[in-house]
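Between the sequences and the hints, there should be enough to build the whole structure, so can you do that?
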Amino acid sequence: MIPNTIERAILINASRERVWSVLSEPAFLGRWFGNGEPVKIDLRPGGLLVFDHGIHGVIPARIQTVEPPRLLSWRWSQGAAGEEPDDSNATLVEFTLTEDDSTGGTRLTMVESGFAHLGLPAEEVIGRHRANGQNWPGKLDQLRADCEQATA
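For the sequence shown, our numbering begins at 11 and goes up steadily by one.
For the record, the hints were derived by calculation from the structure and aren't laboratory data. Since the model is a prediction, treat every value here as computed from it, not as a measurement. Even glycine gets a Cβ: it sits at the ideal position worked out from N, Cα and C. Treat the hints with care, as some may be off.
Per label pair, the in silico range of CB-to-CB distance [claimed, not checked]:
#1 91 <-> 131: 17 to 25 angstroms
#2 78 <-> 134: 33 to 41 angstroms
#3 114 <-> 92: 39 to 47 angstroms
#4 54 <-> 21: 25 to 33 angstroms
#5 133 <-> 36: 18 to 26 angstroms
#6 37 <-> 133: 36 to 44 angstroms
#7 143 <-> 47: 35 to 43 angstroms
#8 19 <-> 126: 38 to 46 angstroms
#9 17 <-> 55: 29 to 37 angstroms
#10 119 <-> 155: 32 to 40 angstroms
#11 108 <-> 151: 18 to 26 angstroms
#12 136 <-> 27: 35 to 43 angstroms
Written as structure tokens, this is what we have:
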């Protein structure tokens, strides 16, 4: 069976507005998710988002949903570097931000879905799911550190 979804949730000691800015502003987004350089982003549904992942190449994504400070999603290719995302080669990455009443901070839930529908050989899909699943915790830890450092 091909796995379809990766889901991670973290608590961040910062407001939803602060987390939103780290999720969506070019300098922050490039630092926690790219190679450190600001990303190119047209923050609107259908807008282009371009990550430079160093040795992994430049990866374009298409913004799907923008609902500040609650929801941001993009679709990005799981194919070759530089390949535009489409229905046959892309997964959907969705970030949902909710206020956490017990801490006064923000709960961020990240869901990456669509692996089972990729037009790739099963072994490659399983490998991509495994690699992405292993990489998300470190990326989200960096996002949390950027959010909390800026508010400290």
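Hints, verified against the model:
For residue 91 and residue 131, the hinted distance range of 17 to 25 angstroms is satisfied, since their beta carbons lie about 18 angstroms from each other. Evaluation of the 33 to 41 angstroms hint for residue 78 and residue 134 yields a pass: the beta carbon distance comes to about 35 angstroms. Residue 114 and residue 92 have their C-beta atoms about 42 angstroms apart, which keeps the hinted 39 to 47 angstroms range intact. In this structure, residue 54 and residue 21 meet the distance hint of 25 to 33 angstroms, their C-beta atoms being roughly 29 angstroms apart.
For the pair residue 133 and residue 36, the beta carbons lie near 35 angstroms from each other, so the given range of 18 to 26 angstroms is not met. Residue 37 and residue 133 have their C-beta atoms about 37 angstroms apart, which keeps the hinted 36 to 44 angstroms range intact. For residue 143 paired with residue 47, a C-beta distance near 25 angstroms fails the hint of 35 to 43 angstroms. Range check, residue 19 to residue 126: Cβ separation about 22 angstroms, and the 38 to 46 angstroms hint is violated.
At roughly 23 angstroms, the beta-carbon separation of residue 17 and residue 55 lies outside the given 29 to 37 angstroms, and the hint is violated. Against the hinted window of 32 to 40 angstroms, the Cβ-Cβ separation of residue 119 and residue 155 comes to about 18 angstroms, which falls outside the hint. Checked against the hint of 18 to 26 angstroms, the C-beta distance between residue 108 and residue 151 comes to roughly 19 angstroms, which is consistent with it. Between residue 136 and residue 27 the Cβ separation comes to about 38 angstroms, which falls inside the hinted range of 35 to 43 angstroms.
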